[in-house]
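Residues -20 to -1, 1 to 121 (mature numbering (1 follows the signal peptide of the UniProt record, and there is no 0)) make up the sequence shown, in order.
Please keep in mind that the hints were generated in silico from the structure rather than gathered at the bench.
No residue lacks a Cβ here, since even glycine has one placed at the ideal position from N, Cα and C.
Accuracy of the hints is not assured; some may be wrong.
[As the list claims (entries may be wrong)] Between beta-carbon pairs, the in silico distance windows are:
#1 Arg47 / Glu100: 58 to 64 Å
#2 Phe(-2) / Gly92: 17 to 23 Å
#3 Thr115 / Asp34: 18 to 24 Å
#4 Lys35 / Lys69: 17 to 23 Å
#5 Lys118 / Thr63: 43 to 49 Å
#6 Ala48 / Lys118: 14 to 20 Å
#7 Lys65 / Asn26: 50 to 56 Å
#8 Glu100 / Val61: 26 to 32 Å
[Unchecked claim] Calculated cross-link-like contacts (lysine-lysine; reagent style DSBU-like; alpha-carbon spacing at most 35 Å):
#9 Lys86 / Lys118
#10 Lys68 / Lys118
#11 Lys(-17) / Lys35
#12 Lys(-17) / Lys30
#13 Lys82 / Lys65
#14 Lys69 / Lys42
#15 Lys30 / Lys69
#16 Lys43 / Lys62
#17 Lys62 / Lys30
#18 Lys30 / Lys43
#19 Lys65 / Lys86
#20 Lys82 / Lys30
#21 Lys35 / Lys118
#22 Lys86 / Lys69
#23 Lys65 / Lys(-17)
#24 Lys42 / Lys68
#25 Lys42 / Lys82
#26 Lys65 / Lys30
#27 Lys68 / Lys35
#28 Lys42 / Lys65
#29 Lys62 / Lys35
#30 Lys86 / Lys30
#31 Lys86 / Lys43
#32 Lys42 / Lys118
#33 Lys43 / Lys68
#34 Lys118 / Lys30
#35 Lys62 / Lys118
#36 Lys82 / Lys118
#37 Lys118 / Lys43
#38 Lys82 / Lys68
#39 Lys62 / Lys82
#40 Lys118 / Lys69
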Amino acid sequence: MLSKIITVSFFLSLTIFSFAQCKSGKNTALQNKIVTQPNNPMANQNITSKFNSDKSMELYLKKNIRRADPAIHFEYTVYDVKTRKVIKKGTFRGARIEWNDKMSLKLIAYVGMEQKPTSENPEEALLNQSPARITIVKLHK
């Protein structure tokens, strides 16, 4: 009889403690924070600025990072520093954008991207396989 009372009281106290843990103030505060956050796929954006080597042009990069896409979506604009005139503006989906030299940009593609081959010849396709596809964009003032 005594063992039944101890067993029942143990399970009853275990049930009460488990419900008490579910009703804690810390968990409800965390749930409120999760609910109040906006569900915006473009929320993780950051804007950076880089000068070329002689500081005559400035590159503005707006990075749009999406959860489902491992590549970064860039919106880039190149300005002349003195006149604030737009020299080049565009979008790019890849790994990163950086200055190649003082008059060109280097657009580095995401390595995991599947790209359509430029030629139907398989030997030519094998020769052109490089670990990172790099595109050079020339800038003209």
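Results for each hint:
1. Arg47 / Glu100: 58 to 64 Å: violated, 36 Å
2. Phe(-2) / Gly92: 17 to 23 Å: Violated, at about 47 Å.
3. Thr115 / Asp34: 18 to 24 Å: holds, 23 Å
4. Lys35 / Lys69: 17 to 23 Å: Given a distance of about 20 Å, which is inside 17 to 23 Å, the answer is holds.
5. Lys118 / Thr63: 43 to 49 Å: violated, 19 Å
6. Ala48 / Lys118: 14 to 20 Å: Between Ala48 and Lys118, where Cβ atoms are some 33 Å apart, the hint is violated.
7. Lys65 / Asn26: 50 to 56 Å: About 25 Å separates the Cβ atoms of Lys65 and Asn26, which means 50 to 56 Å is violated.
8. Glu100 / Val61: 26 to 32 Å: violated, 46 Å
9. Lys86 / Lys118: holds, 9 Å
10. Lys68 / Lys118: holds, 9 Å
11. Lys(-17) / Lys35: Not satisfied, since the Cα-Cα distance of roughly 83 Å exceeds 35 Å.
12. Lys(-17) / Lys30: Violated, at roughly 75 Å.
13. Lys82 / Lys65: holds, 16 Å
14. Lys69 / Lys42: Satisfied, since the Cα-Cα distance of roughly 12 Å is no more than 35 Å.
15. Lys30 / Lys69: Status holds; Cα separation ~15 Å.
16. Lys43 / Lys62: Status holds; Cα separation ~25 Å.
17. Lys62 / Lys30: holds, 15 Å
18. Lys30 / Lys43: Status holds; Cα separation ~13 Å.
19. Lys65 / Lys86: Measuring from Cα to Cα gives roughly 21 Å; hence the hint holds.
20. Lys82 / Lys30: holds, 12 Å
21. Lys35 / Lys118: Satisfied, since the Cα-Cα distance of roughly 17 Å is no more than 35 Å.
22. Lys86 / Lys69: holds, 14 Å
23. Lys65 / Lys(-17): violated, 86 Å
24. Lys42 / Lys68: Holds, at roughly 14 Å.
25. Lys42 / Lys82: Satisfied, since the Cα-Cα distance of roughly 20 Å is no more than 35 Å.
26. Lys65 / Lys30: Roughly 16 Å between the alpha carbons, so the hint for Lys65 and Lys30 holds.
27. Lys68 / Lys35: The hint holds at about 16 Å.
28. Lys42 / Lys65: Between Lys42 and Lys65 the Cα gap is close to 18 Å, so the pair holds against 35 Å.
29. Lys62 / Lys35: holds, 10 Å
30. Lys86 / Lys30: holds, 13 Å
31. Lys86 / Lys43: Roughly 16 Å separates the two Cα atoms, so the pair holds.
32. Lys42 / Lys118: holds, 20 Å
33. Lys43 / Lys68: holds, 17 Å
34. Lys118 / Lys30: Judged against 35 Å, a Cα distance of about 16 Å means the pair holds.
35. Lys62 / Lys118: Holds. Lys62 to Lys118 sits at ~19 Å (cutoff 35 Å).
36. Lys82 / Lys118: holds, 10 Å
37. Lys118 / Lys43: Roughly 21 Å separates the two Cα atoms, so the pair holds.
38. Lys82 / Lys68: Given pair Lys82, Lys68 holds - Cα atoms ~14 Å apart, limit 35 Å.
39. Lys62 / Lys82: holds, 15 Å
40. Lys118 / Lys69: holds, 12 Å
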